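**Q** Protein chains in written order, with numbering that gives the first Met the number 0: chain A, 0 to 407; chain B, 0 to 407; chain C, 0 to 134; chain D, 0 to 134.
Do not rely on the hints blindly, as some may be mistaken.
[What the hints assert, rightly or not] Derived list of chain D stretches under chain B, where covered just means 3 residues or more per stretch with a C-beta under 8 Å from a C-beta of chain B: (1) 55-66; (2) 100-107.
[Stated by the list, open to error] Listed next, the in silico SDA-like pairs over lysine to any residue satisfying Cα-Cα at most 25 Å (straight line): (3) A:K255 / B:S64; (4) B:K62 / A:D42; (5) D:K29 / B:G373; (6) A:K255 / D:P101; (7) B:K238 / C:Y119; (8) A:K62 / B:D42; (9) A:K62 / D:K29; (10) D:K105 / A:E263; (11) C:K105 / B:R313; (12) A:K20 / B:S64; (13) A:K69 / D:K105.
These are computed hints drawn from the structure, not numbers from a lab.
Being a predicted model, the structure only gives us computed values, none of them experimental.
We put the CB at the ideal spot given by N, CA and C, even for glycine.
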Amino acid sequence: MFDVDAIRRDFPVLQQQTNGKPLVYLDSGASSQKPQSVIDAVDACYREYYANVHRGIYDLSEKASDEFEKARKKIARFINAKSWRELIFTRNATESLNLVAYSWGLENLHRGDTILVTDMEHHANLVPWQQVARRTGAKLAIAPTTADGLLDMAAYKSMLNPSVKLVAFTLMSNVLGTITPAREMIALAHEIGAITVVDGAQSVPHLPTDVQALDCDFLAFSGHKMLAPSGIGALWGRKSLLAEMPPFLTGGDMIKEVHFDHAEWNQLPWKFEAGTPAIVQAIGMGAAVDYLNALGMDAVRQHEIELTGYALDRLSRVEGVKILGTMNPELRGGAVAFTFGDIHPHDLASMLNAENIAIRAGHHCAQPLHDKLGISASARASFYIYNKPEEVDRLAESLDKARQVFSL
Amino acid sequence: MFDVDAIRRDFPVLQQQTNGKPLVYLDSGASSQKPQSVIDAVDACYREYYANVHRGIYDLSEKASDEFEKARKKIARFINAKSWRELIFTRNATESLNLVAYSWGLENLHRGDTILVTDMEHHANLVPWQQVARRTGAKLAIAPTTADGLLDMAAYKSMLNPSVKLVAFTLMSNVLGTITPAREMIALAHEIGAITVVDGAQSVPHLPTDVQALDCDFLAFSGHKMLAPSGIGALWGRKSLLAEMPPFLTGGDMIKEVHFDHAEWNQLPWKFEAGTPAIVQAIGMGAAVDYLNALGMDAVRQHEIELTGYALDRLSRVEGVKILGTMNPELRGGAVAFTFGDIHPHDLASMLNAENIAIRAGHHCAQPLHDKLGISASARASFYIYNKPEEVDRLAESLDKARQVFSL
Amino acid sequence: MDDLYRENILDHYRNPRFKGVLEPHTHRHKEHNPVCGDEIQIDLLVNDDGIIEKATFSGHGCAISQASASMLMEQLQGMSLEDAKKISKEDILENLGIPIGPVRMKCALLSLKVLKAGIYGLDQLSDLEDEEDDW
Amino acid sequence: MDDLYRENILDHYRNPRFKGVLEPHTHRHKEHNPVCGDEIQIDLLVNDDGIIEKATFSGHGCAISQASASMLMEQLQGMSLEDAKKISKEDILENLGIPIGPVRMKCALLSLKVLKAGIYGLDQLSDLEDEEDDW
Ligand SMILES: Cc1ncc(COP(=O)(O)O)c(C=O)c1O
Ligand SMILES: Cc1ncc(COP(=O)(O)O)c(C=O)c1O
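From just these sequences and the hints, can you work out the full model?
**A** In C-alpha cells:
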C-alpha cells in the first residue's frame with residue numbers, strides 16, 4: 000500500500016506551516032525534498048566515520064570508502080546496470096551530459112556528422128551539444144514534438160540518416176511531462192549506428208529504469224531530484240564505450256601512474272572521477288535509493304499516474320488554465336506546466352507563495368520549447384511521492400482566488 | 000587564546016574511542032573533520048528550507064538562494080576577493096584547476112608556448128596541464144625543488160622566458176609542507192606576461208589568504224579540507240580574465256538566453272556554474288568559514304607552526320624516521336611526510352591504525368615527487384586546528400612500538 | 000494573497016501611467032529579461048536645461064515590472080536628469096511597498112535599469128550591474 | 000598492534016620461501032602497484048603433465064604483499080596448473096589470517112594476480128580484474 004501520509008511524516012520540511020497554512024510543495028521537478036533517512040545518513044557519516052576515500056589505511060577511511068562504493072553499487076542496481084563499474088559519480092545530470100559531450104563528443108564527432116536532439120530538451124541536453132557542434136563542425140538537428148506534446152516519431156525516423164552519430168533525448172520532459180518512446184528511439188538510432196544519450200533527470204526519480212532493457216549507451220541523472228542530497232549525480236555508460244573514452248577531468252584518484260611527462264588512467268569507473276568525490280552525498284544517494292526501493296518504483300509510478308490524472312482533470316476545469324502537453328497521464332510524468340489567462344507566471348507564483356504553495360514559474364530551462372509554443376514562460380506544478388490530491392485541490396482553489404484578485 | 004580542547008569538543012568524530020584508545024586523526028591534509036556548526040548548517044537546510052536555488056519564487060527557494068549566495072560572499076571575503084562575482088563554486092580543487100585548464104588553457108595556449116609547474120605539484124595541478132599541453136602543442140616545463148624541499152628560486156627565474164604563458168604552482172605542498180614564495184613567483188611571472196594559477200588546496204585551510212595581495216590570477220581550493228562538507232570547492236579568478244573566458248560546463252543556470260541554434264551566457268559567476276549546484280554543501284562551506292573566522296586565520300597558522308615545530312623535533316628523534324622537506328616550521332605547513340627505516344608505509348599505517356592513529360601512506364597524489372626522491376611511498380601525518388602535542392607523542396611512541404614488532 | 004499585491008500595484012498594472020512611445024525623444028532604451036519574457040522600453044524628452052519634460056514606457060511583463068515602470072514614470076516627469084541618475088533600487092522598492100524576493104527583484108528593477116542604461120548610453124545592462132554590485 | 004601482523008606473516012616477510020628467479024621456466028610474469036611501489040614477479044616451471052614442478056617469486060614490497068607471495072609459493076609447489084587456476088581471493092586471505100582492508104587488499108592479492116596473469120598470458124591485469132568483479 001502506498002501510504003502518502005506515512006511517507007509525508009518522513010520528510011521534516013513537510014511538517015512546516017506558515018500563517019497556519021501547511022506547505023504545499025509542488026516543485027519536485029526542480030529538486031525533491033529529503034526524507035529523514037537520507038538526512039540521517041549524511042549526519043552519521045560526518046559524526047561517525049568521515050574521512051577521504053580510497054587511499055586511507057585506517058578504520059574511518061576504510062568505512063567511508065566502503066559506504067561510498069556500496070552506494071555506487073546500489074545506484075547501479077537501481078537502474079539495472081550490468082556492472083557497477085559503469086556508474087560514474089558527478090555533481091548533477093548537467094555534468095554527466097557534459098562529460099559525454101567533452102569525452103565522447105569532442106573525440107568522435109567531425110564535420111559532416113549530425114547530432115540529433117528533440118525540441119523539448121532541457122538546456123542541459125541542448126547547450127553542451129551546441130558547443131560540441133561548434134567545436135567539431137558537426138551539425139545539430141532538432142526533432143519536433145507534435146501539437147499534443149508527444150515526440151513526432153515520423154519526423155524522428157525521417158531525420159535518422161547515416162550522418163547522425165549521436166542522438167540525445169530526454170526520457171521525460173520537465174515541461175510537457177512527455178515520456179518518450181525511448182526503447183524504440185534507441186533501437187532506430189542503433190540501426191544507423193548512432194550512439195544514444197538519455198537524459199534521465201526527470202525519469203529516473205519517477206519510473207522504474209532498466210538500462211539493459213532500454214539498450215541506451217549513456218544515461219544521465221541527478222541525485223537531488225530523487226531524495227538524495229544536493230551536489231551528487233551520476234552518469235551510467237556502456238562499459239565498452241567508457242573504456243575507449245579519454246578521461247574528462249584529470250588529477251588525483253583517476254590515475255594509475257603519473258610521471259612528469261605522461262600519465263596512465265585508473266580502471267573504470269574511477270578513471271572519470273578526479274579528485275576528492277562528493278563522498279557523503281554519494282552515500283546519501285545510496286540511502287535515497289534504499290528509500291525508493293522500499294516503496295517500489297512501480298508503486299511510485301502508479302501513484303504519480305493517479306495523482307497526475309487527478310491534477311490534469313482538476314486543473315483543466317479551472318477557468319483560464321491551459322495545460323501544456325498530453326492529457327493522458329499514462330504517457331506523461333507528474334510535471335504539469337500551464338498558463339493561466341493573462342496572469343504572468345511570476346505573478347501567479349508570488350500569489351501562490353502567499354498561500355504557502357510552492358510552484359515554479361519561468362521557462363524551466365527549456366526556453367526554445369517555450370519559444371516554439373509562443374509563450375515566454377509558464378507555471379509548473381510537479382509532483383512526487385509525498386504529494387496528494389488535497390494539495391491539487393488547494394492549488395486549484397488558490398488559482399480561483401488569484402483570478403479574482405487580478406479580475407481575470 | 001587558541002583552546003584546542005574547546006575546539007575538539009566541537010568535533011563529534013573526535014569523541015570516538017576504539018578499544019579504549021581515543022582517535023588520533025592525523026590525516027587532515029587529505030580531508031578535515033567537521034565541526035558541529037557545519038553539520039548543523041547542513042541539517043538545518045535539509046530540514047527547514049531546502050529547495051533549488053535561483054529561479055524559485057517561493058519562500059523556501061528564496062531562503063535557500065539567499066543562504067547560498069551569502070555563503071559565496073563569505074568565502075570570497077575569506078580570501079579577500081575584490082568581488083563575490085569572482086568566486087565560482089566547484090566540486091573540489093581538482094575541478095577548479097580543470098576549469099582553468101579547459102576554459103583558459105585550451106583557448107589561449109598554442110604550440111610554442113610553455114606551461115611551467117613545479118616538481119612538487121599534486122596530480123591535480125600536473126595532469127590537467129599535461130592534457131592541455133597534449134591538446135594544444137604547448138610544452139610543459141618543471142621547476143625543481145632544492146635538496147631541503149624548498150622551491151629552487153634561481154632555477155625558477157631561469158625558466159621564466161617569454162614562451163611561458165602560464166605558471167601553475169602550489170602555495171603549500173601536501174608532501175613536503177613547503178610554502179612557496181608565491182608573491183615573488185607571481186610578480187616574476189607577470190613580468191614576462193604569464194598568468195598564474197595557484198593551487199591553494201593545502202594553504203587556504205591553514206593560512207590567511209589574500210588574493211589581492213598575492214596578485215595571482217586564479218586560486219583553486221577545496222571545501223572538504225577546511226571543515227566544509229564534501230562535494231564543494233571553489234575557484235577564484237580575476238574578473239577581467241573570467242569575463243573573457245568561454246564557459247566550461249554548459250546547461251541550465253549558466254545561460255542568459257537559449258535558442259535552438261545558439262546561446263548567450265549568464266553574468267559572473269553563474270556563467271561557470273551549470274546545472275543545480277551543490278547548494279547545501281556551499282552553505283556548509285559558509286558555516287566552515289564562519290568557524291575559521293571566529294578562530295582567526297593568524298591564530299590557526301600560529302597553532303600549526305607550534306605544533307609542526309614540536310612534531311618535527313619529536314619525530315626526528317625517533318630512530319629510523321627520516322622527514323621529507325624543510326625542518327623550519329615557519330617555512331612549511333603541517334603536512335609532515337616521512338619514511339621509517341625499512342618498514343613499508345602501508346605496513347606502518349596498518350600498525351598505527353591498530354593504535355587508533357590515522358595517518359596516510361602512499362605517494363599522496365604526488366608520484367613524480369616521490370620518484371625524484373627515490374622512494375615509492377611515504378607515511379604522512381598532517382595537522383589541523385584540533386590536533387595537539389600529546390597526539391604527536393602518541394604517534395612517536397607507536398613508531399617505537401612498530402620498530403620493535405618489525406625488529407627494525 | 001489579497002494583501003500581497005496592494006491595490007496600488009494592481010491599479011498601476013491595470014491602468015499604467017505614461018504608457019506609450021514618445022516622438023520626438025532624446026533618449027530611448029529597451030531591454031528584455033529572457034527568463035520571464037518581460038520587456039520594457041523607456042523614452043525620454045530632455046530639454047536643454049537637463050529637465051525631463053516627458054517620460055513614457057512601453058512593453059509588457061508581469062504586474063511587478065509593469066507597475067514599477069508606471070510608478071517610475073510618474074516620478075520622472077519634470078525631474079532633472081541629474082536627479083534621475085540618483086534614483087536607487089531602494090526608491091523603487093519603496094514605490095512598490097511590498098517585500099520583493101530575489102527572483103522578482105529583476106522584475107521590479109527592470110525599468111530602473113532600462114532608465115539608467117538609457118541615460119548612460121550603455122548597451123549592456125550587465126556591465127552596469129557588474130560594476131554596481133561587487134558586494 | 001602486536002597481534003595485527005601475526006608471527007607467521009612477519010616470519011614469511013623476514014624469511015620469504017621460494018624467493019628468487021627460476022631458470023629454466025615455462026611461465027614468467029611481473030606486475031607492480033604504482034600506488035605503493037610493490038613489485039612481484041612469479042616464475043613457474045610446468046611439466047608436460049601440467050604440474051607446477053617449481054614456483055618462485057621475486058620483487059619487493061610491504062609485509063602483506065611479500066608474505067602472501069611467499070605463502071602462495073609454498074602452496075604452488077607440485078600443484079597442477081588447473082588447480083592453481085582455482086586458487087581464489089578467499090584462499091589468499093585465509094593464508095594471511097588477518098582482516099585486510101580495501102587498500103591493503105591490493106597488496107594481499109598482488110601475487111595472486113601476477114600468477115593468474117602469468118597463467119592466462121594477460122599483459123593487463125586490469126582486464127582480468129574488470130571481468131572478474133562486475134558486482
Ligand atoms: C529534463 C532535465 N534534464 C536535465 C536537468 C538538469 O539537472 P541538474 O540541474 O541536476 O544538472 C533537469 C533538471 O532541471 C531536467 O529536468
Ligand atoms: C596540494 C593539493 N592540490 C590539490 C588537491 C586536490 O584536492 P581535491 O581532491 O579536493 O580536488 C589536494 C588534495 O589532495 C592537494 O593537497
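**Q** Take the hints in turn and mark each one as holding or not.
**A** Tested hints:
no. : hint            : result
1   : 55-66           : holds (count 4)
2   : 100-107         : holds (count 4)
3   : A:K255 / B:S64  : violated (40 Å)
4   : B:K62 / A:D42   : holds (22 Å)
5   : D:K29 / B:G373  : holds (21 Å)
6   : A:K255 / D:P101 : holds (17 Å)
7   : B:K238 / C:Y119 : holds (22 Å)
8   : A:K62 / B:D42   : holds (22 Å)
9   : A:K62 / D:K29   : violated (31 Å)
10  : D:K105 / A:E263 : holds (18 Å)
11  : C:K105 / B:R313 : violated (60 Å)
12  : A:K20 / B:S64   : holds (23 Å)
13  : A:K69 / D:K105  : holds (18 Å)
Violated hints, in rising order: 3, 9, 11; the structure is consistent with all others.
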